[in-house]
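Protein sequences, first through last, are from chains A and B.
All the letters of the first sequence, read from the start, carry residue numbers 0 to 618 under numbering that gives the first Met the number 0.
All the letters of the second sequence, read from the start, carry residue numbers 0 to 160 under numbering that gives the first Met the number 0.
Treat the hints as calculated values from the structure; they're not laboratory data.
Take the hints with a grain of salt, since some may be wrong.
Unchecked claim - Below, a list of computed lysine to any residue pairs in the SDA-like style, where the Cα atoms sit at most 25 Å apart:
(1) A/Lys245 x B/Ser111
(2) A/Lys414 x B/Leu108
(3) A/Lys601 x B/Lys138
(4) A/Lys604 x B/Leu108
(5) A/Lys404 x A/Ala381
(6) B/Lys138 x A/Lys414
(7) A/Lys604 x B/Arg160
(8) A/Lys604 x B/Arg151
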Amino acid sequence: MKVTRISISLALAGALAGGCSKDASSVPPKLQTERVGAVTDLGGQPPSTHLVSPLPNGDWRLPAGDYANTRFSPLKQLSPDNVSNLRVITTVATGSPHGHEGQPLVVNDTMYIVTPYPNNLIAIDLTKGTGAVKFVYQPHPDPRAQGIACCDVVNRGASYADGKIIYNLLDATTVAVDANTGQEVWRTKVGDIDIGETTTAAVLVVKDKALIGNSGGELGVRGWIVALDVKTGKEVWRGYNTGPDKDVLIGPEFHAFYPKDQAPNQGVTTWPSEQWRLGGSTVWGWISYDPELDLVYYGTGNPGVWNPDLRPGDNKWSCSIIARRPDDGHVVWATQLVAHDKHDYDEIMENILVDMDWKGQPKRKLLLHPGRTGFFYVLDRATGEILAADKYVESTNWASGYDLKTGEAHEDPKKQTHTNRVVEDICPSSTGAKDFTPSAFSPLTGLVYVPAHNTCMNYEGMAANYIAGTPYLGADVKMYPGPGGYQGELIAWDPVRGKKVWGLRDAALPVYSGVLATAGNLVFYGTMEGSFRAVDARNGTILYEFHTGSGIVGNPITYMGPDGKQYVAIYSGVGGWMGAVAQPEISADDPYAGLGVVGAMKDIKKYTGPGDTLYVFGL
Amino acid sequence: MTTRTNNLPKWTLALAVVAAAGCMPRGENAGEGRATVVHNQSVDRAVINQPVGPVPGPGDIAPLANPLGNDPTARMEGYHLFNQFNCAGCHGGRGGGGMGPSLRDTGWLYGSTADRIFNSIAQGRGRGMPSWGARIPEKQIWELTAYIQSMRTDDEPEAPR
Chain A
0 MKVTRISISL
10 ALAGALAGGC
20 SKDASSVPPK
30 LQTERVGAVT
40 DLGGQPPSTH
50 LVSPLPNGDW
60 RLPAGDYANT
70 RFSPLKQLSP
80 DNVSNLRVIT
90 TVATGSPHGH
100 EGQPLVVNDT
110 MYIVTPYPNN
120 LIAIDLTKGT
130 GAVKFVYQPH
140 PDPRAQGIAC
150 CDVVNRGASY
160 ADGKIIYNLL
170 DATTVAVDAN
180 TGQEVWRTKV
190 GDIDIGETTT
200 AAVLVVKDKA
210 LIGNSGGELG
220 VRGWIVALDV
230 KTGKEVWRGY
240 NTGPDKDVLI
250 GPEFHAFYPK
260 DQAPNQGVTT
270 WPSEQWRLGG
280 STVWGWISYD
290 PELDLVYYGT
300 GNPGVWNPDL
310 RPGDNKWSCS
320 IIARRPDDGH
330 VVWATQLVAH
340 DKHDYDEIME
350 NILVDMDWKG
360 QPKRKLLLHP
370 GRTGFFYVLD
380 RATGEILAAD
390 KYVESTNWAS
400 GYDLKTGEAH
410 EDPKKQTHTN
420 RVVEDICPSS
430 TGAKDFTPSA
440 FSPLTGLVYV
450 PAHNTCMNYE
460 GMAANYIAGT
470 PYLGADVKMY
480 PGPGGYQGEL
490 IAWDPVRGKK
500 VWGLRDAALP
510 VYSGVLATAG
520 NLVFYGTMEG
530 SFRAVDARNG
540 TILYEFHTGS
550 GIVGNPITYM
560 GPDGKQYVAI
570 YSGVGGWMGA
580 VAQPEISADD
590 PYAGLGVVGA
600 MKDIKKYTGP
610 GDTLYVFGL
Chain B
0 MTTRTNNLPK
10 WTLALAVVAA
20 AGCMPRGENA
30 GEGRATVVHN
40 QSVDRAVINQ
50 PVGPVPGPGD
60 IAPLANPLGN
70 DPTARMEGYH
80 LFNQFNCAGC
90 HGGRGGGGMG
100 PSLRDTGWLY
110 GSTADRIFNS
120 IAQGRGRGMP
130 SWGARIPEKQ
140 IWELTAYIQS
150 MRTDDEPEAP
160 R
């Protein structure tokens, strides 16, 4: 096992004082990227930090590399001194020109790629150095699933465990494939596409269980997370996110921090009669695990139906963070971040688990959650208390802030949406101040690197009809770029001080890729027009840039090759909700198309088109 | 196989209810060739006995026009139905696409004539487009067809701005 556990208590003041020697003129003008913020303002010295999960020291076996979703690698061959010498080592075509939202895995000199639908598993022999294919496993999911998935036919990645690659197919099925032979070990149907369920989320394996959530919040499904036995694929437990406590697996161990979240059976009582059965609250993003507290964390999606007037009540447990025991699924705490969602602010984003000094308390157990709402939430992950909720995208206007005593948002009533009323200039749009694309955390800088959007919308509630397996929205939405002349920004956010340290703004398009941070003080990410970038983690200076064949919506990983050299890999293949506008199936002349996203993305066809390529970079 | 006989019951009755779900397919011709429009003109045996080819298909029989004709009320009604039956959720608020393909572009995998659009709605298509023939009355399918065919023309109701 090339895995190491590190506990970092760094005093890196010297290392942090440097940097910022390159100026912005090294950026090609066509990208219209602008660096903003006080670039050296890191407050002297990084916070004392404890990471709870083993880090991916050579391999990359879990979607985020580690359980804690830091997407931080201890590898440091690549550094600000040499990263400008990066070059493309190899490329692999996946054969599916749709959104490549996930990331490959690397296990023992083999790389594993899960393609978008048809969800093939491609194993690459890294000892050959030429992208040589060891095997391709073709699961042949139900083709009808392509028309059920809300936002392109994407897949967010696999986990490696017990000699198997375990991942979801689009048609609500999970498979386990022998990592050496490519033979299918088990195949379990976890949901039903005929009622609108698909499975696009990354699988996280915790101990002997594979954890899987469903997608379909736009089709009136009922959200759940299921645990399958890694050896057999048999279902061990299933926790719903709506409905009675016995279905949600809320029992004696449950204690919500806030009184608003404490009453029994709120998965039923906070909905109109039976609406919880169509109540969304799905789990299509990322799952985290804290081995020390033995808790699994995830966020839930929007409530169904979109139009809030059709579901009076708080609509639990939509837009919530939930902590469960991995062994039996029982809920230990739940905190709803947004009651009665009015804007489709799914909170399925990554939860980064890290212990840091917090306002005089040493090594507080934190959960960092950059929300779709535009607020960066810091929670106590032992209790669910919201310790901070600060705006990280300036245009955010649906709420002015949070009452941390009650856990409730101070919402602007003028930005609340209703039937037959066009509410204008809501920021962020439904796609959020960021979406599913995961941030990275570096214990060297103490910063979270957030791929953010600046997009707003007009929203009109409408009548809605539930027809199984079709969209259940009741909303006419038109999005457009937010104020300030930029639509994307990589934000370096100080979670302790609750402020931005620096940002890299892209004028034309949102930042829709994941982020990787390394012990070499580098941050890697991609732009939606296709540029792969290496950035100085301390100050945001772009140190390396390569224009790939298509927009990047996937997540970079880094690994140690069989030759003992560090490599970085990333998918290039535009797609997903916002990125699918680059694909020919969507017309740019209907701003209401793609659930309203086309209005904000109509220019993307000028910048990029479909792609399907894995790029590997090295020195 | 294209049905070319008028012996079948009227197509709306003949449609099987497939428990499909989702949206208009994006690509291949799964489902193509099962057209069920029955042409009102009588078919003589000479036509039937003609060899098929070189390109398989309906041959020289003129496509069936929309029986509602060029009716602005039908188009407006179709616009409302497009939302009510959740077409908009898949194909975009004004048909520009999303989960299902755009209806505003020039690519028509299953044909762009009124009868072909009618059949795509009524029968469903293989990549997730449900079959609506048993759920939507015939007249309303023609109204949806009228709206879809008006997209990007001066006749389009509630055209996107």
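Cross-check of the supplied hints:
For a cut-off of 25 Å, the pair hint linking A/Lys245 to B/Ser111 is broken: about 51 Å separates their Cα positions. Between A/Lys414 and B/Leu108 the CA atoms are separated by roughly 41 Å; this puts the pair beyond 25 Å, and the hint is violated. A C-alpha spacing of about 35 Å is found between A/Lys601 and B/Lys138, which places the hinted pair above 25 Å, so the restraint is violated. Among the hinted pairs, A/Lys604 with B/Leu108 is consistent with the structure: their alpha-carbon atoms are about 22 Å apart, no more than 25 Å.
For the hint pairing A/Lys404 with A/Ala381, the CA-to-CA distance comes to about 17 Å; that is within 25 Å, so the pair holds. With a C-alpha separation of about 39 Å, the suggested pair B/Lys138 and A/Lys414 falls outside the 25 Å cut-off, and the hint is violated. A threshold of 25 Å between alpha carbons decides the hint, and for A/Lys604 with B/Arg160 the separation of about 19 Å falls inside it, so the pair holds. Note on A/Lys604 and B/Arg151: the hinted pairing holds, with a Cα-Cα distance of about 19 Å set against a maximum of 25 Å.
Checked against the numbered hints above, the structure violates hints 1, 2, 3, 6; every other hint is satisfied.
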